[in-house]
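**Student:** Below are the chains, spelled out letter by letter.
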Amino acid sequence: MGAIEVRNLSFKYKEGEPYILKNVNFSVKPGEILGISGKSGIGKSTLCKCICGIIPKLQKGTMTGEVFLFNENILDKQISEIVTKIGIVFQNPVTQLFSPTIEDELVFGPENLCISREEIDNRLQHTLKILDIEKFRYKNPNKLSGGEQQLIAIGAVLMMEPEIYIFDEILSFVDKEAKKRIINIIRELKKEKKTIIMVDHDIENMDIADKILYI
Amino acid sequence: MKDNIEIKNINFKYPKSDLLFNAFSLDLNMGETTFLIGDNGSGKTTLSKLIMGILKISSGSISIDNKGIDQCTLGEIGKSIGYVFQNPDHQIFGQSVIEEMSFVPILLGNDSIETIDKADKLLDNFGLLHKRESLPFKLSFGEKRRLAIASTLMREPRYIILDEPLVSLDMNNMDIIKITINELRRTGKGLLVISHNEDFANEYADRVIKIQDGRIAYDESK
Amino acid sequence: MMKANSLDPRTKIFIVAIISTLGILYRDIKILSLIFVITLVLAFILNHDLLYVIKRLKRLLIVVFFIAFVQSVLTNQGEVLIQFYGVNILTDYGLLKAAEFILRIGIIILASVIITTSSRREILQGLVQLKIPYEIVFMVTTAIKFLPMLRDEAINMFTAIQLRGLDFKKIGFGKKLKVYKYLLLPIIISSILKAKELSIVMEMRGLRAYPTRTSYRQLSFSLKDYATMGISVIITIMFVVLN
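Chains as they are written, first to last, in the numbering used here: chain A, 1 to 215; chain B, 1 to 222; chain C, 1 to 243.
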């Protein structure tokens, strides 16, 4: 039983344009870290969006093939179910943060899922500690550096406690210091037996992966 | 010989923040390749924006070739110094790549045919000729970055500021940018490259300046 | 640090609602001035950075004064004060109307400033606890966040194009127009793209997953709030009675 299974996935954004993804096949076991690498512009981000259902549910295009999350076809599931199982962090922290304070940003996800206030509080304390951002709790995300913002974006997804994490080039706009912290967090997630998909064009960042898929 | 940027005793702070630059001074030689390195938040991008006049200092002076920038408009400064933003989306507007390259020069009265010829040559150098008619928004990040640099070069500025040119690029794109930097140096252009990548700096710089918390941590010339 | 003032956003909404209503109902310039001054004082109490905010609204204020001027020019009643080749430029009635207009707009602007002394999140929470459907409130507060984003995009684009060697002050009107037209589409497109990205991020964090959602922070009225609202009601009643 795989955590993620992708079968014969092909996708293009518009009719008349070439296929961006062609017959992609792979699977990821629970607790595994899969690295995805390839040249820029080749479709890695598109693949990430297909895996978590953004395509075709939130973005249109022509998709053939299937994506299974824990043996269930993703097309049969609602976004509300999907987000409890899989979380995604994107490349640019700026477009992922929209709340006036860090606390607001972090609690946004669990609030949407109708999680109780006590539980939200627990998760919040835990996340602030792991990311070591207690001191930023009431700060405006706009005032932080790129690396710190990315940590918040990751934190916001951690708060949802999904089983699967997709990290789409999250180390791009991040300095050395923040990179170290982020990789440590990924290590922690691995210890907790979470399934992780990491996209990066820099192979060096993928030491931590169990296997690597080249596109 | 005046071919320099003189930053003298400047003060600057972002609104609702602490003072970032306090009586900061620096002289930049516009004939050589200088690297400004330092962590995020150290002030390097801010410094480059102050030089271009995008942000305004609260005291002190910045002069380019002995002329204070407070007496120049953005357009004037832009004529002699090219600036490539860290985020290419901030400087790409056209409906097509070729329009992106040629809009401003043609508007300023340059001959259309010559301009487009020049643009095509540059696009070719940067491996973007096949995307000539594409919508710039649809290019990949690496391609946008190359386009931003190419369109800055249309004006043939004598000094170019590049803000984190390698960040978020794959090997291929990085090589193209590195080759470009070498070419620019070979043709005698001065460069100010902002980067948090020290290896990159050591490989290409004539002079490396490290900025930390709005101060110069070290300043070494080769 | 949490916002320095501890008034519940609903209290502020309450006060602003009263002020706006009074500002619209009353015509007399003396009364409007009084309302304006009271609003100014309130805004200052709640927001010590008021001067900074006003500085940033400079352009808006210029537009307001311009409109007021046009209004007074187009009003032909009353005693003529200034004439220009037989065209009435300024009449005393027109001047009065212009002053009224400026005061009204001033009241509205200051009222908005009062509201913005609470964070977007607090305002959202306040409106939700006032039983307004979450989705509507969320749309409004996100739109509010969007305006400065749009403005920043525009500024970035203008800066960037000038850095290509385009000296805005030295080109003719026709060319200026060409540049505005050129930039309009990219600004709109890039803002729309940003909005789309943002909405995807929000949906992947579960927005609209269920018809309701929990609120981590609950607002509750404190003594200060009841006192403020009570005093506002009393003052309003006195105000209405005396006028």
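Hint data in this document are derived by calculation from the structure and do not stem from the laboratory.
Just to be clear, a hint being listed does not mean it is correct.
With a Cα cut of at most 27 Å, we get these calculated DSS-like pairs of lysine-lysine [claimed, not checked]:
| # | chain 1 | residue 1 | chain 2 | residue 2 |
| --- | --- | --- | --- | --- |
| 1 | A | K60 | C | K196 |
| 2 | A | K29 | A | K143 |
| 3 | A | K22 | C | K196 |
| 4 | B | K121 | C | K178 |
| 5 | B | K144 | A | K39 |
| 6 | B | K144 | C | K55 |
| 7 | C | K170 | B | K138 |
| 8 | C | K176 | B | K56 |
| 9 | C | K194 | A | K143 |
| 10 | C | K196 | A | K57 |
| 11 | B | K144 | C | K30 |
| 12 | A | K176 | B | K210 |
| 13 | C | K145 | A | K143 |
| 14 | C | K145 | B | K79 |
| 15 | B | K67 | C | K170 |
| 16 | B | K67 | A | K143 |
| 17 | C | K196 | B | K118 |
| 18 | B | K189 | C | K145 |
| 19 | C | K175 | A | K14 |
| 20 | B | K178 | A | K14 |
**Student:** Could you check the structure against the hints above and give me the numbers of any it violates, in ascending order?
**Tutor:** 2, 6, 7, 11, 14, 16, 17, 18, 19 and 20
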